[in-house]
Each structure stands twice: as C-alpha cells, then as structure tokens.
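Chemist: Could you slot chain B onto chain A? The hints should help.
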Amino acid sequence: MRTLLDKLWDDHEVLRRDDGASLLWVDRHLVHEGSHHAFAKLKARGGRVAEPGLTYGVVDHYAPTRGPAASPAIVRMIQTLERNTDAHGILCFGLEDPRQGIVHVVGPEQGLTLPGLLINCGDSHTSTHGAFGALAFGIGATEVAHVLATQTIWQKKPKSLRMTVTGSLGPGVGAKDIALAWIAKLGADGARGHAIEYTGDAVTGLSMEGRMTLCNLSIEGGARFGMIAPDEATFDYIAGRPFAPEGADLDRAVDTWRRLPSDAGAVFDREETMLATDIAPIVTWGTSPEDALPVTSTVPDPSRLNGSEADRARAALDYMGLVPGRALTDIQIDQVFIGSCTNARIEDLRAAAAVLAGRRSRVPGLVSPGSHQVKAQAEEEGLDRVFTDAGLDWVGSGCSMCVAMNGDAVESGKRCASTTNRNFRGRQGRGARTHLMSPAMVAAAAVAGRLADVRPLLEGRDAA
Amino acid sequence: MSGWSRHNGTAVALDLESVDTDQLIPARFMSTPRSEGYGGFLLHDLRFGSDGEALADFPLNNTPEASVLVTRRNFGSGSSREAAVYALVDFGIRAVIAPSFGDIFASNAVNNGLLPARADTATVDSLIGYLAGGPAKAHVDLDRGMAEIGGVRVRFDLDAVWREKLINGWDDIDLTEQHRPAISDYRNWRAESQPWAFPAERAAGSSTDAQPSK
Numbered sequence: 122m123r124t125l126l127d128k129l130w131d132d133h134e135v136l137r138r139d140d141g142a143s144l145l146w147v148d149r150h151l152v153h154e155g156s157h158h159a160f161a162k163l164k165a166r167g168g169r170v171a172e173p174g175l176t177y178g179v180v181d182h183y184a185p186t187r188g189p190a191a192s193p194a195i196v197r198m199i200q201t202l203e204r205n206t207d208a209h210g211i212l213c214f215g216l217e218d219p220r221q222g223i224v225h226v227v228g229p230e231q232g233l234t235l236p237g238l239l240i241n242c243g244d245s246h247t248s249t250h251g252a253f254g255a256l257a258f259g260i261g262a263t264e265v266a267h268v269l270a271t272q273t274i275w276q277k278k279p280k281s282l283r284m285t286v287t288g289s290l291g292p293g294v295g296a297k298d299i300a301l302a303w304i305a306k307l308g309a310d311g312a313r314g315h316a317i318e319y320t321g322d323a324v325t326g327l328s329m330e331g332r333m334t335l336c337n338l339s340i341e342g343g344a345r346f347g348m349i350a351p352d353e354a355t356f357d358y359i360a361g362r363p364f365a366p367e368g369a370d371l372d373r374a375v376d377t378w379r380r381l382p383s384d385a386g387a388v389f390d391r392e393e394t395m396l397a398t399d400i401a402p403i404v405t406w407g408t409s410p411e412d413a414l415p416v417t418s419t420v421p422d423p424s425r426l427n428g429s430e431a432d433r434a435r436a437a438l439d440y441m442g443l444v445p446g447r448a449l450t451d452i453q454i455d456q457v458f459i460g461s462c463t464n465a466r467i468e469d470l471r472a473a474a475a476v477l478a479g480r481r482s483r484v485p486g487l488v489s490p491g492s493h494q495v496k497a498q499a500e501e502e503g504l505d506r507v508f509t510d511a512g513l514d515w516v517g518s519g520c521s522m523c524v525a526m527n528g529d530a531v532e533s534g535k536r537c538a539s540t541t542n543r544n545f546r547g548r549q550g551r552g553a554r555t556h557l558m559s560p561a562m563v564a565a566a567a568v569a570g571r572l573a574d575v576r577p578l579l580e581g582r583d584a585a
Numbered sequence: 182m183s184g185w186s187r188h189n190g191t192a193v194a195l196d197l198e199s200v201d202t203d204q205l206i207p208a209r210f211m212s213t214p215r216s217e218g219y220g221g222f223l224l225h226d227l228r229f230g231s232d233g234e235a236l237a238d239f240p241l242n243n244t245p246e247a248s249v250l251v252t253r254r255n256f257g258s259g260s261s262r263e264a265a266v267y268a269l270v271d272f273g274i275r276a277v278i279a280p281s282f283g284d285i286f287a288s289n290a291v292n293n294g295l296l297p298a299r300a301d302t303a304t305v306d307s308l309i310g311y312l313a314g315g316p317a318k319a320h321v322d323l324d325r326g327m328a329e330i331g332g333v334r335v336r337f338d339l340d341a342v343w344r345e346k347l348i349n350g351w352d353d354i355d356l357t358e359q360h361r362p363a364i365s366d367y368r369n370w371r372a373e374s375q376p377w378a379f380p381a382e383r384a385a386g387s388s389t390d391a392q393p394s395k
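Sequences listed follow chains A and B, in order.
For the first sequence, my numbering begins at 122 and goes up steadily by one.
For the second sequence, my numbering begins at 182 and goes up steadily by one.
Chain A extracted, bound-state conformation:
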C-alpha cells in the first residue's frame, strides 16, 4: 500500500543514508535568470553541467513585457543566463524564442513536464508541475549548483498530507479559491514539512490549468510539494506536446503512469478535508496568503485576536491602509494585474475575458499571458481585444508584476487586485498593496473599481 509520494520517491531514490537523507535523481532541471549564483558556484569549482540534455533554461523573471529592458542590470541578468546556458550546451528559451514564457507555464506546455518525473527549479512555485503527478519542488542556489553538477539532490522525505475536496464548486469559484480557502484554514505554515496530495471530485473535476493553479499555491501554505494523481485529463493534455513521448513510446509511458495513483488503503501521515460547496470567491486583505476571506466578509478586527496574531493583523491593516469592520467590497482599487505562474494560462485569460467582455475597466491594468504560446492562442480567440476594449494593456509574457523584477511594479501606496501568489509587503513594489484573487475576481474588481463579487457579473454569461 503506497501513496503517490511513496511511489515517486522510491522511483527516484539512488540511495539512502543511515541518517535518512535520500539521494534522488532529477529528471528535469529548469533554470532561469535567478540561477546566476548557482552557475557562479559551479564555475568556482571548475565543474561542468552533468546532464545538459535534462536541463532547460527559460528567461522569465526579468523578461521585459513592454519594449526594451528597463535597466542595464536587467539586460545583464538575461545575458548572463544566455551565456551560461550556451557555455554548457543547455537549450534556452530566450526572449525571441516562440516557446518563451514563465518557466512553470512553459514546462507543461512543451511536454517537458510529465507524470512520474522529478522536477527541480530554483523557484518556490515549482510545485506547479505536481499537477501532473510529478515530484516537483523548489530549491535554493546551493541546491541548484548541486543539481547542475550531479543531476541529483539530497532530500529527506516529507510527511504526506491528503487534502480531499469533495462536492461541486459554485459558479465563479475555482482552483484559486480552493487554494486560498485551505491556506486561510491551515495557515501560511499549516502544511510545513508535508507533501500534499490533492484529491476528491472537486479536484479531479478541475482542468489541467486549474490543477496547476492549485498545486502552484502549495508553497503559500508551507508545503514544498503539491501533487495530483495523473488521470485521463493528464494524458490528453500531454499527447502531441513537443517534448512528450509519442506513438508506442507514449502508450508505454501511459501504462506506467496509470500505476502512479495512491493505492486504495494507503495511509497518509495527515488528512484534511473541505467541502467545495463551502467555498466562496475569496480575496486577501492582509500581507500573508493566510489573510484570506470570502469576498462577502468584512475587514477583520485585530482587537478580537490575541497577542502576536493581533499585532500582525494590526500591522498588516496599517500597511494595507484598511479599516476594521468595513465590507471588503467597499475597498477601492487603483489597478489590476492578470498574470503570473499561478494564473496566466489560457483558461485563466478566458475566465477573466468572460467577465470583461462588453464591459469597461474603471482602473488601468496589465494582462501578461503566461507564454508566447498562450499569447498567440488568446489572440486567435480574440481575448486580447476583450482586454484592450475594456481599457487594459495587453503585454508580453514573463513574471512581470508578480515579482516586480523587470520594471513592472505597483507604485507605493497603490492598491492592486492581482491574480498572483503573494501579497507580501513590497512584493509588487515598495509600498505596494496587493489583494490576491482569481482571474474572474480580478476582472470583476476591474469592472467595479473596487473588490467585488464576480457572481452577479456572470449571470446570463458562460463562466468559461
């Protein structure tokens, strides 16, 4: 009786030391501009990349989305990645490559992400790839250098947590809301030390895009790993992707992948359950992803909390410029952002466009598709015109305003409704105020000029 985690772990374990640390084989190593520290470490040792054919570079964190790079430092970061990947014979999806995009969008899109693989990247949202039944986790620069040099990584096996979400999601409620709901319930460190396996009909009913959003946000609840067992939806998504197996190879792979789901009766270290019908469209109000509430709620009152929790809430409200007790839907916004590895796939753009079609945004905003390919697909469907007709800017793909490294930033004191993953202080720029929510909810906020419940705006429309 083994869990999905057990199977993936056993399958990649080269050896285990007496102290419990496992040496694991890495099937895919994705690098980006931020990997410069790791390449420098490798160079200092005089080392070579062990498996250039299993290593892929993507320009995303510093990718300009409008015209040329905003500063010489940004140009240098991109050039450094391209120089490092060139020097080691690593394929790099650079700015001009039609396959460029955000690393966690590109991997699945290109068929590099497959069930049963171990995937590492120097980025905490690497858990995204777990949506395919892969063991995918973010690592730091020292670990990136280790993977470059050896194609392996030392890890202690995490505990297993099964998160079961049952029932039907209501209209206007999606993967982002499931994620924010459990993070609010368990806390931003609630799943620390665990690998989450998401299951239940509300999860298996999600599209691959929705599953990626859910797994992507695992780290915001403290879990380095989030995963979903592969099924027919997974196999359908993979078929025909450039780097995916084809023909008899694919058949053989699918046979293997069908054996990955947790065995009936497998025991998890921890179980959590949620009812989909209890989940409403959610927004964050504070400076941690755990500060999340249904949009129908009011701003929390720190005087009803205790000790350090009250202190943190007070500081968060002060930073966010909010008054306790006010309706969340009274909070006026200055701008919107639709993008990031969490919510910039084609389905996310469709969901936002379904709300915005025929309507105007009361505030300015950016829409940054997750990849060149998502951009092309959206333009083919006419979604770009929905956004521009609404008054939003349709820009290039990259991490953009989620991490504000490329010059796309929210100004100090400005309030942004954002489809991203972190509402940390200063994340979108120094002094920026971020409210996290789904793409449909960001679209609703744009139309209202304040935080808003998307559900009335969907009446008589196909939610996409």
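Since the hints were derived computationally from the structure, they do not count as laboratory data.
Note that CB positions come from ideal geometry on N, CA and C, so glycine has one too.
Take these hints with a grain of salt, some might be off.
What the hints assert, rightly or not - Derived, one-sided and incomplete: chain B residues facing chain A with beta-carbon distance under 8 angstroms:
hint	residue
1	D203
2	R215
3	A313
4	A341
5	Q359
What the hints assert, rightly or not - SDA-like, lysine to any residue: derived pairs with alpha carbons at most 20 angstroms apart:
hint	chain 1	residue 1	chain 2	residue 2
6	A	K162	B	I354
7	A	K164	B	G230
8	A	K162	B	G230
9	A	K280	B	R209
10	A	K278	B	E373
11	A	K164	B	E373
12	A	K535	B	G230
13	A	K162	B	L356
14	A	K535	A	A569
15	A	K278	B	D226
16	A	K162	B	S216
17	A	K278	B	D301
18	A	K128	B	Q375
19	A	K162	B	E358
20	A	K277	B	I348
21	A	K535	B	D226
22	A	K277	B	G310
23	A	K277	B	E358
24	A	K277	B	P214
25	A	K277	B	R344
26	A	K164	B	D226
27	A	K280	B	A341
28	A	K162	B	D352
29	A	K128	B	A341
Modeler: Just chain B now, kept in the frame of chain A:
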C-alpha cells in the same frame, strides 16, 4: 563553507510574525553579485525609510553586532531565493530562533552555515519579552541543541542531518561525487525502463530543436 559547533555572540529580538523572503531581501537587489556583499540589503525596507535613512527604532540598526535573531512563527516563508540567507549571513547572523521556518529557507540556511533553530512558541515569547529590554549575550551549542540567551536556557529542535552538516561544513557536491557509480547505475536503469524521461536523446536522431505543434 566552514563548520561550527559553538557560537558566542549577541541576540536581538525581531518581534514580527511571518517575516517572508521578500522582506528579508526585496527583489530589486537580487541582480547584485554576491561578492559585493548582501548585508546592507537585509530587511532593507523595514530598516530604512524611503529616503534611505536608517530607522532609529529598528532593532538591527541599533545592534550592528547582532548574530542571533529571535523572531516569531513562519520566518523565511515564501520564495526559494537563497539571497535571503546571504543577506542574513553577510550581516553577521549565525542563528535564527523561531517557532517555525519556511521549508526552502531552512534548507538554504543550513547550506550556508546559518542555524534555523526551532523553539516552542512559549519559549520564544519569553525570549522576546526578555530581549525587549535590549540585546543580550548569546551562546549557541549545536552538539547539545541548546542556546543560552541572557541566562535563559533554550532547547531547540534541529534535524540530525542538518546538525551534522552545520558542524562539519560539508560540501554536498564533494559528498555526492563519492556516489558516482551508484548514480551512473541508476541513470542506466532509468534510461532503459523509462526512455521518455530523456527527451534530448530521443530527439537526437531527428530534430533536437522541436517546434511547438500544439
């Protein structure tokens, strides 16, 4: 990285919950080469006003000799940026004591000789209360899993693998090199049993630069 097992220094309290990696080092500083030093970036936007002036009441600004940080839950949550650890280490911090840490942050810390010591919430509460009066002398002992701060003794949790690593200052790449034969055997087995895990080799016969077809 050099190992250590005992440290004598100065402890300060950072009385905040969820000090995330974006606060430890704002993203805009991360294109700087490490050789330039990251200590000045540590908690930059909390330590300095928008005019660049150091804020007099921020604990680290009054105690540049601080080497042990006592803080609240969920320290280092967020991104995998090892630069968050570089900022702490380059400032001179050797140990952080908190009820919980971000998982990726904690492993990055150990890889750079920085101790992420987990202590229960009540202990941290009393330490922070004690340090409210000002910095105090600190002694950290990895072998015994104990710290002593201003006479208050604290037991902390630390994974055995991490303890060994901090004490020995091991370089993982050197360790792993000893297992080359096992890695090579594994690779052969994997290429044989799951050839689709090696797309470059599969494509080598045709085109290595597959164009999108979907």
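Chemist: Hints first: check each against the structure and report whether it holds.
Modeler: Against the structure, the hints come out as follows:
1. D203: The hint holds - D203(B) has a Cβ within 8 angstroms of chain A, the shortest such distance being about 4 angstroms.
2. R215: holds, 6 angstroms
3. A313: It is violated, given that the least Cβ distance between A313(B) and chain A is near 13 angstroms, above 8 angstroms.
4. A341: holds, 6 angstroms
5. Q359: Where the cut-off is 8 angstroms and the nearest Cβ of chain A is about 11 angstroms from Q359(B), the hint is violated.
6. K162(A) to I354(B): With a Cα-Cα distance of about 11 angstroms, the restraint between K162(A) and I354(B) holds, given a limit of 20 angstroms.
7. K164(A) to G230(B): violated, 38 angstroms
8. K162(A) to G230(B): violated, 34 angstroms
9. K280(A) to R209(B): violated, 35 angstroms
10. K278(A) to E373(B): violated, 26 angstroms
11. K164(A) to E373(B): violated, 32 angstroms
12. K535(A) to G230(B): holds, 18 angstroms
13. K162(A) to L356(B): holds, 16 angstroms
14. K535(A) to A569(A): holds, 17 angstroms
15. K278(A) to D226(B): Outside the cut-off at roughly 36 angstroms; violated.
16. K162(A) to S216(B): holds, 12 angstroms
17. K278(A) to D301(B): Cα-Cα ~23 angstroms, so violated.
18. K128(A) to Q375(B): holds, 15 angstroms
19. K162(A) to E358(B): Satisfied, since the Cα-Cα distance of roughly 16 angstroms is no more than 20 angstroms.
20. K277(A) to I348(B): With a Cα-Cα distance of about 18 angstroms, the restraint between K277(A) and I348(B) holds, given a limit of 20 angstroms.
21. K535(A) to D226(B): Between K535(A) and D226(B) the Cα gap is close to 17 angstroms, so the pair holds against 20 angstroms.
22. K277(A) to G310(B): Given pair K277(A), G310(B) is violated - Cα atoms ~35 angstroms apart, limit 20 angstroms.
23. K277(A) to E358(B): Distance of about 19 angstroms is within 20 angstroms: holds.
24. K277(A) to P214(B): The given pair, whose Cα atoms are some 31 angstroms apart, is violated under the 20 angstroms limit.
25. K277(A) to R344(B): holds, 14 angstroms
26. K164(A) to D226(B): Measuring from Cα to Cα gives roughly 32 angstroms; hence the hint is violated.
27. K280(A) to A341(B): holds, 16 angstroms
28. K162(A) to D352(B): holds, 12 angstroms
29. K128(A) to A341(B): At roughly 25 angstroms apart (the allowed maximum being 20 angstroms), A341(B) and K128(A) break the hint.
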